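Could you put the whole structure together from the sequences, leaning on the hints where they help?
The listed protein sequences correspond, in order, to chains A and B.
So that you can map any letter, position 181 of the first sequence is 180 in numbering that gives the first Met the number 0, and since no number is skipped, the others follow by simple counting.
So that you can map any letter, position 152 of the second sequence is 151 in numbering that gives the first Met the number 0, and since no number is skipped, the others follow by simple counting.
The set of hints was computed from the structure by calculation and includes no laboratory data.
It should be emphasised that the depicted structure is a prediction, and the values quoted were computed from it without experimental measurement.
From the three backbone atoms N, C-alpha and C, an ideal C-beta is built for every residue, glycine too.
Wrong hints could be hidden among the right ones.
[As the list claims (entries may be wrong)] Here are the computed distance ranges between Cβ atoms for each label pair:
| # | chain 1 | residue 1 | chain 2 | residue 2 | range |
| --- | --- | --- | --- | --- | --- |
| 1 | A | P318 | B | F6 | 19 to 29 angstroms |
| 2 | A | R278 | B | F6 | 45 to 55 angstroms |
| 3 | A | L19 | B | L240 | 44 to 54 angstroms |
| 4 | B | W151 | A | W233 | 21 to 31 angstroms |
| 5 | B | L111 | A | E423 | 35 to 45 angstroms |
| 6 | A | A24 | B | L111 | 20 to 30 angstroms |
| 7 | B | L240 | A | E304 | 37 to 47 angstroms |
| 8 | A | P154 | B | V236 | 29 to 39 angstroms |
| 9 | A | D5 | B | V236 | 25 to 35 angstroms |
Each chain, letter by letter, is given below.
2 protein chains.
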Amino acid sequence: MNAEPDFLANLRTELSSWRLWVDRAIVLGYALLAGLFVVAFTLAANWAFGLFEALYSRHAWAVLVWTPVLTAGIVWATRRWFPGSAGSGIPQVKAALHSEFPAGRRGSLVSLRLTLAKMALGAASFAAGLSVGREGPSVQVAAGVMQHARRWLSPGSSVDMRALLVAGGAAGIAAAFNAPLAGVVFAIEELTGRLEARASGVILTAIVLAGLVAVSAFGNLSYFGVIRVPRLGWDLVGPGLTVALGAGVAGGLFSRLMIASLTGSPQRLNTLRARWPVRFAAVGGLVVAVLGLVSGGVTFGAGSEAVKQMLAGHDELTPLFTLLKFIATWITAWCGVPGGIFAPSLSIGAGIGETVARFATPDMGPALIAMGMAGFLAAVTQAPLTAFIIVMEMVDGHSMVLSLMACAMLASLVSRMISRPLYEALAHHLV
Amino acid sequence: MNAEPDFLANLRTELSSWRLWVDRAIVLGYALLAGLFVVAFTLAANWAFGLFEALYSRHAWAVLVWTPVLTAGIVWATRRWFPGSAGSGIPQVKAALHSEFPAGRRGSLVSLRLTLAKMALGAASFAAGLSVGREGPSVQVAAGVMQHARRWLSPGSSVDMRALLVAGGAAGIAAAFNAPLAGVVFAIEELTGRLEARASGVILTAIVLAGLVAVSAFGNLSYFGVIRVPRLGWDLVGPGLTVALGAGVAGGLFSRLMIASLTGSPQRLNTLRARWPVRFAAVGGLVVAVLGLVSGGVTFGAGSEAVKQMLAGHDELTPLFTLLKFIATWITAWCGVPGGIFAPSLSIGAGIGETVARFATPDMGPALIAMGMAGFLAAVTQAPLTAFIIVMEMVDGHSMVLSLMACAMLASLVSRMISRPLYEALAHHLV
Numbered sequence: 000m001n002a003e004p005d006f007l008a009n010l011r012t013e014l015s016s017w018r019l020w021v022d023r024a025i026v027l028g029y030a031l032l033a034g035l036f037v038v039a040f041t042l043a044a045n046w047a048f049g050l051f052e053a054l055y056s057r058h059a060w061a062v063l064v065w066t067p068v069l070t071a072g073i074v075w076a077t078r079r080w081f082p083g084s085a086g087s088g089i090p091q092v093k094a095a096l097h098s099e100f101p102a103g104r105r106g107s108l109v110s111l112r113l114t115l116a117k118m119a120l121g122a123a124s125f126a127a128g129l130s131v132g133r134e135g136p137s138v139q140v141a142a143g144v145m146q147h148a149r150r151w152l153s154p155g156s157s158v159d160m161r162a163l164l165v166a167g168g169a170a171g172i173a174a175a176f177n178a179p180l181a182g183v184v185f186a187i188e189e190l191t192g193r194l195e196a197r198a199s200g201v202i203l204t205a206i207v208l209a210g211l212v213a214v215s216a217f218g219n220l221s222y223f224g225v226i227r228v229p230r231l232g233w234d235l236v237g238p239g240l241t242v243a244l245g246a247g248v249a250g251g252l253f254s255r256l257m258i259a260s261l262t263g264s265p266q267r268l269n270t271l272r273a274r275w276p277v278r279f280a281a282v283g284g285l286v287v288a289v290l291g292l293v294s295g296g297v298t299f300g301a302g303s304e305a306v307k308q309m310l311a312g313h314d315e316l317t318p319l320f321t322l323l324k325f326i327a328t329w330i331t332a333w334c335g336v337p338g339g340i341f342a343p344s345l346s347i348g349a350g351i352g353e354t355v356a357r358f359a360t361p362d363m364g365p366a367l368i369a370m371g372m373a374g375f376l377a378a379v380t381q382a383p384l385t386a387f388i389i390v391m392e393m394v395d396g397h398s399m400v401l402s403l404m405a406c407a408m409l410a411s412l413v414s415r416m417i418s419r420p421l422y423e424a425l426a427h428h429l430v
Numbered sequence: 000m001n002a003e004p005d006f007l008a009n010l011r012t013e014l015s016s017w018r019l020w021v022d023r024a025i026v027l028g029y030a031l032l033a034g035l036f037v038v039a040f041t042l043a044a045n046w047a048f049g050l051f052e053a054l055y056s057r058h059a060w061a062v063l064v065w066t067p068v069l070t071a072g073i074v075w076a077t078r079r080w081f082p083g084s085a086g087s088g089i090p091q092v093k094a095a096l097h098s099e100f101p102a103g104r105r106g107s108l109v110s111l112r113l114t115l116a117k118m119a120l121g122a123a124s125f126a127a128g129l130s131v132g133r134e135g136p137s138v139q140v141a142a143g144v145m146q147h148a149r150r151w152l153s154p155g156s157s158v159d160m161r162a163l164l165v166a167g168g169a170a171g172i173a174a175a176f177n178a179p180l181a182g183v184v185f186a187i188e189e190l191t192g193r194l195e196a197r198a199s200g201v202i203l204t205a206i207v208l209a210g211l212v213a214v215s216a217f218g219n220l221s222y223f224g225v226i227r228v229p230r231l232g233w234d235l236v237g238p239g240l241t242v243a244l245g246a247g248v249a250g251g252l253f254s255r256l257m258i259a260s261l262t263g264s265p266q267r268l269n270t271l272r273a274r275w276p277v278r279f280a281a282v283g284g285l286v287v288a289v290l291g292l293v294s295g296g297v298t299f300g301a302g303s304e305a306v307k308q309m310l311a312g313h314d315e316l317t318p319l320f321t322l323l324k325f326i327a328t329w330i331t332a333w334c335g336v337p338g339g340i341f342a343p344s345l346s347i348g349a350g351i352g353e354t355v356a357r358f359a360t361p362d363m364g365p366a367l368i369a370m371g372m373a374g375f376l377a378a379v380t381q382a383p384l385t386a387f388i389i390v391m392e393m394v395d396g397h398s399m400v401l402s403l404m405a406c407a408m409l410a411s412l413v414s415r416m417i418s419r420p421l422y423e424a425l426a427h428h429l430v
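Following this line, the structure appears as structure tokens:
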């Protein structure tokens, strides 16, 4: 009994230390703010992509000029003023959390200034029609907001910079995907590697509040609606394994390509990229524009529309789309624009699943598409838990938990034979 | 590029080392076996409780003899032959994983022999009508099966005893609740405190296979069916906070009572328990039988039936039921029978939620009941993530993720002021 907490003493401490409550209110306030920023970024990205779509639908060929010019402009502005905002945003937060990263330089990777830049330049990438996602950037956006809380907290507060960064990153994933569970698991699997009782309170608070803001803004909808799967039987094993292996190999290759392009030694193309980054981006933008025209417009943007089409069964172009989307996403990232690869990865994975589904019974389609999404994302990030939970929450496919889990795990094991973990390698490059 | 994995070399290693594949097959086989054992235990527990219910419905007063005699018998057999099988099973697995626990004594807490004993004596506790759950015991049952794999694995295998114990425990939760996600999070939050890439493969494998066995046996149903919640608005905040605080205080008290009863210094009642454990159990059984008769039978067993009644709106007795169930569960655990507190805790929590719901608008009932379950369980275990995910998976309440998360976190914070973490304290007592 002697080690039991003294409830009355605890209660007295709680009620008498007003500073503790001010600190708590500050954290709560910043968590709400982080949610608001992610919502604002979502609205901005959607609006910007709407602009692009309007242009494309009226003057399709104009994108051959528009996309290269805007891409070059984004890369120029990024390199000139906000180098820390290039790319996904997840490696930046991971690097800032790295134990060997000097605390003084943290502001170069995560700050309120970078949050605003990421929102503007990320939205511009959508306006350019590039193959980007807004989920990775949301991690950096929300972490940049949350870390700002530190300067108002009392010096003795138990909430340190690490906890705020992790909480912000988790809140970003939760609010961007409307997937609170994925936020929790992302924090553990990708950001900290462990679960500390003290930090988990801050993380959960941030996720709940940012998630509430997102739900208030967009309603409590699953990203892709609810997938209705038939009762899954043993006949799913063959096609499911094919999807898992295919997604694993493709995701491993994608990850390896990305690492080679973004951290590789400056030789051949990377020499050109290092010497003339803005011209390189213009050429990259041109390639993405051409790929978009060839695919009839579906490889532009995050790719969620293509996934919805596949889930609805309109999928004439899928195998070609999958290949083109793969290339467009890689080229986009190589250009160095601020933008993530989560959403494009999900649409590539969906394409893999749908391609396999053509050789299986038709009612397996949605299940295999979901498995492809989880598998490819797991292979790219080598974070199988986060990948399958994101997909589960996106499609509200509770009955598919086991198949998604198995697929994500297998794909990630295959990918591990091909490539280092993507975010790990990119973060290491930043430290 | 130089640090990239060499795919062909990796593939060659994979394909040439048959021992690796034998090891993998062994782990897969044991994971399936663990699932089968949990299924068998579930069937046995249900069958045994059916026996009790048949007796109670025909000769209600006979339980005043039956329950004390059987309880005494169970405690006698447990103490005589299988002392490691007493109680929930989760503290045993936690203690076996403790870094200071001598590896040689591990067999006294987790073994195939204890698995079989736990199944038989656990089922007998159900036959006695005690207020027990089968989820905690399932953790020990499955971990006992999984750890047995170690003796067949090659000495160089990367799958060590720790990974097997964690995987077994996680598979036990996943298969017992049909809640694979909860299994993952339980492994991280309660068993290891961290996520290791190597161990997570074994954990996921075990969860997927044991989960598949359970789904094949019982169908892919949520434990309590799908809760339909109305669109949640700000009017839920007041009642929700009340539930969270109430569940937090009640759960903290329950945890503190349990710790004092099971590890406290031998004084007053605990002196009697230490001197005459079997007679103590007989008196405890009598108290549980009286409580059951007073409540009209609803406090007997795990309490899932009562929760279903509450969710369906038949809840005349709830406030009294909640109090009596609280006492019955505590007394049952104090007796020292093999049996868990997860399911009874959920029904106590549901009772708290339902009691608050009487003062709120009626359509909030199911939401508040679910929040009560998550809150009370989180307060008792101080493992908020596992608690809210279990409840989310049990009621298939994806739309409630945020409210469940917030409630579990708050309740666990309140409980932390009142008591040490229950399983932690009990495991510490065993080391």
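| message | Of the numbered hints stated earlier in the document, which are not met by this structure? | response | Checked against the structure, the hints that fail are numbers 2, 3, 6, while the rest are satisfied.
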